[in-house]
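J.: Whole structure, please, built from the sequences with the hints as guidance.
First to last, the sequence lines map onto chains W and X. Be aware that the first sequence starts at 1, since it is given in this note's numbering, and climbs by one per residue. Be aware that the second sequence starts at 1, since it is given in this note's numbering, and climbs by one per residue.
Just so you know, these hints were derived from the structure itself, not from any lab. Cβ atoms here follow ideal geometry from the backbone N, Cα and C, with glycine treated the same way. Some hints could be false.
Said to hold, decoys possible - Simulated pairs of lysine-lysine, BS3-like, Cα-Cα distance not exceeding 27 Å:
id : chain 1 : residue 1 : chain 2 : residue 2
1  : W       : K216      : X       : K171
2  : X       : K147      : W       : K198
3  : W       : K64       : X       : K147
4  : W       : K216      : W       : K87
5  : W       : K64       : W       : K275
6  : X       : K116      : X       : K138
7  : W       : K104      : X       : K147
8  : W       : K111      : X       : K213
9  : W       : K104      : X       : K231
10 : W       : K64       : W       : K111
11 : W       : K64       : X       : K231
12 : X       : K229      : X       : K171
Claimed, not checked - Going by beta-carbon spacing under 10 Å, a handful of chain W positions derived as facing chain X:
id : residue
13 : S65
14 : T174
15 : L180
16 : R200
17 : L203
18 : G204
19 : E233
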Amino acid sequence: MDLLNIFREIEKIDPEVYNRLDSRRNAMKQFTNLSGKIALTALPFALGSMLNKAYGQAAGTDVKSVLSLALTLEYLEAAYYSTALAKPGLIPASGTGAITTISKHETAHVKFLQNALAGMGGFPPSPTFDFTAKGTFPAVFSDYDYFLAVSQAFEDTGVRAYKGQAPNLAGAGTVLTAALSIHSVEARHAAHIRQMRKTRGTLGATASLKPWITGKQSGIATTATDPVYAGEEVTVQAGINIAAINNMGADSASESFDEPLTGPQAVAIASLFIKA
Amino acid sequence: MKIVKPNPPKEDQEVASRIHRRNFLRYLGAGSAFLTAATLASGCHKDDDDFNMGGEGVSLGSGDIAVLNYAYALEQLEAAFYTQVVNAQFSGMTATELAYFTDIRNHEIAHREFFKAALGANAIGSLEVNFSAVDFSKRDSVLGTAKAFEDLGVSAYNGAGQYLSNTDTGKVYLGLAGKIVSVEARHAAYIRDLISNGTFAADDVVDANGLDKVRTPAEVFTIAAAFIKTKINTSTLPR
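T.: Laid out in structure tokens, this is it:
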């Protein structure tokens with residue numbers, strides 16, 4: 001039976017294949033039993049399902065927890081911008097267009113993730129937020145510069161948080177693609193807010209604040225947002241010293257790659273704004 | 001397909017040995033599309049040339065390597081473009097714009113050289129580019145092309161992530177691609193805002209769900225082909 005060659009060939013590349021399938025003997029037994037009993041046309045599917053069991057990702061729990069974390073961050077952002085847009089006099093005419101665009105996207109992300117999670121058994125409700133972060137940013141909805149500074153921190157957090165979760169969605173097909181497509185939108189938002197802040201030149205936003213992140217500089221005159229940028233200063237990627245390429249130096253090297261946040265790091269940042 | 005051959009020819013054995021064993025499912029997956037119950041049950045001794053998708057030009061390789069070479073090709077294109085932008089400096093380029101274009105050039109060179117080093121012996125060669133359609137002395141021409149390249153890059157990375165294998169190495173590649181794509185998105189936003197402030201995430205790239213555009217490799221190469229002279233064999237790319 002040439003079918004068994006499949007296993008011999010797999011074994012050459014992955015000597016542990018039988019451990020994955022529980023044991024060589026069982027695998028063979030299972031498979032020869034199968035092939036004796038089922039219609040020939042079903043064989044590829046039977047083989048596929050055996051291998052999926054051996055190599056497929058663990059049930060949907062990973063995907064669900066990733067999307068739940070994402071939803072929490074989107075709840076945070078969506079509530080933040082819609083509250084701000086509703087505050088008379090907070091956002092000047094020059095900023096209304098951009099903030100409205102960003103707000104629209106964050107609200108769409110909430111709905112999108114709710115829909116996705118609804119299909120997996122339900123989604124968590126929105127937490128109650130305290131955007132002053134227990135008094136750290138008291139003027140967040142009364143002073144436009146504070147509002148923009150926290151916006152920047154949220155967007156850059158969003159970029160890093162989605163990035164950190166992407167590998168957990170490997171093999172999840174369309175869910176991964178959707179998460180990546182939200183991730184790059186957050187990066188577009190971040191780039192724009194950073195430019196808005198640079199133009200205003202307030203609260204630590206100097207000429208050196210660029211659409212991309214240099215080192216671990218926040219460009220925000222408080223240490224409270226440092227966790228958002230901690231670790232961004234990396235200049236070596238997969239063992240390759242980026243700063244040495246063309247002698248571009250540490251600044252360009254760190255800007256070239258955005259760094260991920262782990263789930264717990266992202267939760268820790270979001271928690272600052274969640275009412276206990 | 002090839003894995004069911006009792007005695008794979010030498011070239012197949014080389015392919016197998018080049019593939020990290022954890023990637024083998026990817027390898028199997030690529031072939032299994034062609035598996036039928038009939039060929040399985042009868043064995044597969046006959047020549048498989050029917051299934052070797054043809055195509056001339058530079059081969060991108062297969063599996064994760066093909067996806068990385070795909071990204072490497074796009075980064076080569078972008079790096080070459082911005083190198084010329086910085087050298088030519090369109091008329092009226094401000095000091096800040098020059099500084100930012102220099103940054104972007106550095107980022108793209110970083111990405112290009114990163115992929116080259118990461119791919120090692122599997123890397124495709126240097127591509128010959130064709131920017132005859134771009135007038136590097138004109139702001140509109142440069143910004144329009146830059147916008148097209150950046151949005152294309154973002155959509156390409158967003159579309160390619162799903163093709164990386166669900167393996168330890170595939171996840172590392174996915175993480176690295178993620179580190180790059182958000183920087184491309186930052187570039188895209190900046191260039192768009194230069195063309196028309198406030199269009200950083202306009203409705204032509206972000207849909208009603210708030211999702212950025214996604215393109216398949218075939219769609220990307222259809223657009224990129226106008227700028228690449230070197231013929232690339234895209235037949236091994238996932239589709």
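J.: Evaluate each hint against the coordinates.
T.: Hint check results:
With a C-alpha separation of about 25 Å, the suggested pair K216(W) and K171(X) falls inside the 27 Å cut-off, and the hint holds. The straight-line distance between the Cα atoms of K147(X) and K198(W) is roughly 22 Å, inside the 27 Å bound, and the hint therefore holds. Taking the CA atoms of K64(W) and K147(X), the gap is near 35 Å; set against the 27 Å cutoff, the hint is violated. For the suggested pair K216(W) and K87(W), the alpha carbons sit about 32 Å apart, so the restraint of at most 27 Å is broken.
With a C-alpha separation of about 23 Å, the suggested pair K64(W) and K275(W) falls inside the 27 Å cut-off, and the hint holds. With a C-alpha separation of about 31 Å, the suggested pairing of K116(X) with K138(X) is violated against the 27 Å cut-off. About 23 Å separates the Cα atoms of K104(W) and K147(X), which keeps this hinted pair within 27 Å; it holds. Restraint check: the Cα-Cα separation between K111(W) and K213(X) comes to about 18 Å, which is no more than 27 Å; the hinted pair holds.
Only pairs whose Cα atoms come within 27 Å are accepted, and K104(W) paired with K231(X) is rejected, the gap being roughly 42 Å. Taken as a hint, the K64(W) and K111(W) pair is honoured in the structure, with Cα atoms around 15 Å apart against an allowance of 27 Å. A hinted pair counts as satisfied when its Cα atoms are at most 27 Å apart, and K64(W) with K231(X) does not qualify at roughly 42 Å. A distance of roughly 32 Å separates the Cα atoms of K229(X) and K171(X); the hinted pair therefore is violated under the 27 Å criterion.
With 10 Å as the threshold, the beta carbon of S65(W) stays out of range of chain X, its nearest partner Cβ sitting at about 16 Å, so the hint is violated. Taking 10 Å as the C-beta contact cut-off toward chain X, the hint placing T174(W) at the interface holds, the least distance being around 7 Å. Residue-level restraint check for L180(W) holds (minimum Cβ-Cβ distance to chain X is 5 Å; threshold 10 Å). For R200(W), the suggested interface contact is broken, since its CB lies about 14 Å from the closest CB of chain X, more than 10 Å.
Against a cut-off of 10 Å between C-beta atoms, the interface hint on L203(W) is violated, since the closest Cβ of chain X lies about 20 Å away. Contact between G204(W) and chain X, as hinted, is not supported at the beta carbon level, the nearest pair being about 19 Å apart and thus beyond 10 Å. For the restraint placing E233(W) at the interface with chain X, the shortest Cβ-Cβ distance is roughly 13 Å, beyond the 10 Å limit, so the hint is violated.
Comparing the model with each numbered hint stated earlier shows that hints 3, 4, 6, 9, 11, 12, 13, 16, 17, 18 and 19 do not hold.
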